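Participant: Top line first, the protein sequences correspond to chains A and B.
According to this note's numbering, the first sequence holds residues 1 to 579 in order.
According to this note's numbering, the second sequence holds residues 1001 to 1498 in order.
Do not take every clue at face value.
So, partial list: chain B residues that the calculated Cβ filter (under 8 angstroms) puts toward chain A [as the list claims (entries may be wrong)]:
#1 Asn1169
#2 Ala1285
#3 Arg1292
#4 His1318
#5 Arg1354
#6 Arg1400
#7 Pro1401
#8 Thr1405
The hints are simulated quantities; they were obtained by calculation from the structure and are not laboratory data.
A quick note: this is a predicted structure, and the numbers were derived from the prediction, not measured.
Beta carbons: idealized from backbone N, C-alpha and C, even for Gly.
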Amino acid sequence: MAVAISSGAQAVAEERTAAALRESVHHRYPVALAGGGETLLVANRRSGSLSIIDVTMSMVVGEAQIAVELSDFAMLPDGRHALATDNARHELLLIEYNAPGDVQVVGRLSVGTHPVRIAVAADGRRCCVASLWARRVAIVDLEAEKSSDPRLKMMQETPLPFAPREQLLLPGDDKLLVADAFGGQLAVVELETGTVESVRKIPGQNIRDLALSSDGNQVHVAQSISDPLGRTDLADITWGIVAASSIQTLAVDAILNPAADVLAGSRVTRLGDFGNGLADPESAVVLQDGRLLIAAGGIDSVVFAEAHSGADEIVRVGDRPTAVLAHAENSRAYVANTFSDSISVIDTTTREVVAEISLGRQAELSAADRGERLFYDGRLSADSWFSCHSCHTDGHTNGQLADTLGDGTYGDPKLVLSLLGAAETGPWAWNGSMVRLEDQLQKSVQTSMHGQELSKFQLRDLVAFLKTLAPPGPPMSQTAADEAGTERGRALFAELRCHRCHVPPTFTSDGTFDVGLADAMGNRRFNPPSLRGVGQRNRFFHDGRAATLEKAFSSVRHRTPRSLSEQELADLVRYLRSL
Amino acid sequence: MARLQSAVSVAFLFLVCFCRSAIGLANEGAPPEPPELSQKGDEADAPVDRILAVIEVALKHHIDPPTRQQMVVEAATALTRPAGDPESYPPSEPSVAVRQSLAREVSDLTTRAELRAFLVRCWNRAVSERRFPGVSPEDAAVSAICRCLGASRVTAAKDYAVNRQFAANQYVGIGIALSRRGGAPLITSVIEGGPAAGAGALVGDMIEEIDGTRTAGLEMSEVIDRLRDAAGTEVHLALRQEFEEEQRRVTMTRSVVPQETVTYERLRADGAAPLAHIRIGDVNASAPHELRRIEQTMPEEIAGVVLDLRQVGGSDPHYGVLLANAFLDGGAIGSVEDQSGRREFTASRDCVFREMPMVVLVDGNTSGTAEWVAAALQENGRCVVVGERTAGAGYVMDGRPVPGTDEVLFLRTGILFRSSGQPLTGREQPVTIEMRDLARMQDMLVRKRTRHVLADETVVEQSHRYGESQDVLNRAAALLRERIKQRVAQSGANHPQP
């Protein structure tokens, strides 16, 4: 095997370590790509390692352990440094890359919990890090001008009204567009001061990428879109009403102007056709000819598409592609196949897969691993329009209402429930009618997705996967003043006997209760959803009628044994957000 | 363009085939034999039970049902109809004296048993007097009940299921349209990509055998029955082109055959930007998807849309909601009232043809959910409505099984309201149509329709002709161009060009 030439005993030792890592049997799960000229760098989520690929030889020439769990990776303009996010240790890492056997972590910065995306300014002077469950964006100065080697310095931490995921630096690099990881909200953050200039809602949900058009005048949003008035019957599913992958193209001018209608001059292009849904857009890049290349994670394919005219070619790659990188000079696009631990190399001119590069041998799959693959598989739905993940985004909720047969009838859409921590909190469904989780899963797949009946092995695997989904942590870290309020809230929770229905530690119970809210069909009794991670939800109650936790008690009037003062309400909500 | 037109006619023919079988028409053959008659009282049990079952379904599900007695009077009147030519229209009615006496008699009856006994007497009398050459007395009674329910009908459950397949645009079949040529069924069109096309069936083929059974002498409805079955099943046909010797044997697998129901053509005019003329063939499950596909294929220079809803009806409000939602950038769509109460619908902001000027073309046969969609676009200022007043038939129509039969009563189960709260229904007694054949139906629609409801912003032409008029379309296009000019002038004034 040809590897990069290095000298000295240490280099040889490192080389041996890298070779051992490369050949070890484990799960990698590639999720981010950088480079692409001669060397392609691949960040692996599950192994926390960086795989180094020699593009000419189409093979892995090194692998370096740099983190516990990687979520994103970006090269800096100097070509020698890179940034990575460790999703488990909540850190931004500064990486120095010298050779396949010489990759060092040279800087670390604590950021908000669960950093998921990095956006680097074109001049390399600063970057933005989106932290999912902390609900904030960190603006980090890279101090590039002070010395030849960058350093990490926190400038601002901007809280957001939603859990962020995708980011895009808008032309000029002084404003950041950041998208809701679940619902369809977009915020614009001014980077000098860290202020949120606007928060606006666009149609659709599950935003998985933001890409600037070639002329810089438009932003392409790769996302799912649903007709909110649809229902999960076979006709609505197979005609793309329930959920379809789409590209929503917005005008940069409208995004930048907080007073403008963000949809002025916009257009939605749905992908997929009768008999041929293209589940789950995960990543999108603009190619040199202005077309888009989109990873459709739910159907193990990439899609060549035009923003206004839709998909024109579908190319099969490995399992669950989640990241795409285009390299203009050699007409190549690289696709990270998360579940196959491989990289597909595509010739963007002929639109053919020219190579599939394995990142190394994969360990045997556990039941939870197999369940995870089912969870993200669009083929579970009729004609592959969507997967479990399309609505229960990464196990959470897309925040939409869905008119399913979960309650026995159409006509009374219900909020999609978060599955994070839900495997332990039966019974299931809003009306608490499902005592066995397997039955709930079978019913969802058959009546909400109109897919094939799952085998008992598949059900067992899905349950095993759902059991790995922990509730998200609270959105913010606590100050001393917060803690006092939280304690008062905890006392109030006990005094009001909230725990009779929301029983700790899961903060739910197996009964159904009438809390004074009927649905459109007159159903009044609902199973209380768990309050763990309740601060991470944006809508409450079966129909999402309360937009904030405060409103759950003020305008919607969830029953309490006595009325609450403003201070008490604030304390109670603070306590709930800490769960 | 030619392809689009043929696609329209394919869908149309399909529906024709369907309608004809759904309403149980005797086709061009001889009228069926009258049922075996008997004087025994228990012979009346089954037909009278069926009549009563229809009445009970109507009472339970109709949005505004007549009383049980009223429906019994209608049935009794039909059974007492003087003998005459069953094909003549309108059918001869009993004298005023007979009607009065029937009404008085029924008014004194209170229990179901009494009403039943009364109908048994009427039925026995009708049968003994042989009033119904060619039509069964119970069918006449059921039709009379349907008439008083307004645009109702009783269909076989399997035909209702096919109706639902059409509404979902998931018709299961082999993808052909049929007519009759001489004694044999003739394929008049073959849907591209469908099972028949895949197996090599051609336009102009006569179907001589279906699964080994010769079609000669079969009723058209029987031919259609034999061609239909569940998706995934096979059918073997013997085909022969007219005037050719060779018979071809082909096998095909039935599958969902989606129909093209929304079509698009470009309207050009010298010196003006082209417009899109979009025809909605059916307010069904696929219409929003088809519209979005059309938007994706439309060239950029299209400056406005003429949405053509002429001759379109629809009965399922869900599909009306989806279609209105596809056009509207938010706003109230309207509401539906049925037994479970009133539901309001609001559009999402995702829409086709954002910011593009639009004219909606309607006529007196734009009915049901189609006129509801037109009203929703009008209420939201999304379009200018052009044409004639619509039918004023804003009802939810749905099928309910008739217990003890394999039939479904298709009836008004709800009312459609504009977002302003006004119901989209005519004030007069609704139009009743004897669906004997399409030509007569069309003729009657033109003569007797309730012309009410959709307040026109601009009436271009009061056309009483059936079918599309190019002239109306041209005028709508001219109006739209005028609007575009105004808009360009306005935006020019607001944003002066440097």
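Participant: Let's test the interface hint: is any C-beta of chain A closer than 8 angstroms to that of B/Asn1169?
Facilitator: 7 angstroms, holds
Participant: With 8 angstroms as the cut and Cβ atoms as the points, is B/Thr1405 at the interface with chain A?
Facilitator: 26 angstroms, violated
Participant: Hint validation: B/His1318 versus chain A, beta carbon distance must be below 8 angstroms. Holds or violated?
Facilitator: 7 angstroms, holds
Participant: How about B/Arg1292: closest beta carbon in chain A under 8 angstroms, or not?
Facilitator: Where the cut-off is 8 angstroms and the nearest Cβ of chain A is about 5 angstroms from B/Arg1292, the hint holds.
Participant: Should the hint that B/Ala1285 touches chain A count as held when the rule is a Cβ pair under 8 angstroms?
Facilitator: For B/Ala1285, the interface hint holds, since the closest Cβ of chain A sits about 4 angstroms away, which is under 8 angstroms.
Participant: Against chain A, is B/Arg1354 within 8 angstroms by beta-carbon distance?
Facilitator: Hint on B/Arg1354: holds, closest Cβ of chain A at ~7 angstroms, below 8 angstroms.
Participant: Given B/Arg1400 as an interface hint, is its Cβ closer than 8 angstroms to any Cβ of chain A?
Facilitator: 16 angstroms, violated
Participant: Taking the closest Cβ pair, is B/Pro1401 under 8 angstroms from chain A?
Facilitator: 18 angstroms, violated
In summary, the structure is inconsistent with hints 6, 7 and 8 from the numbered list given earlier, while agreeing with the others.
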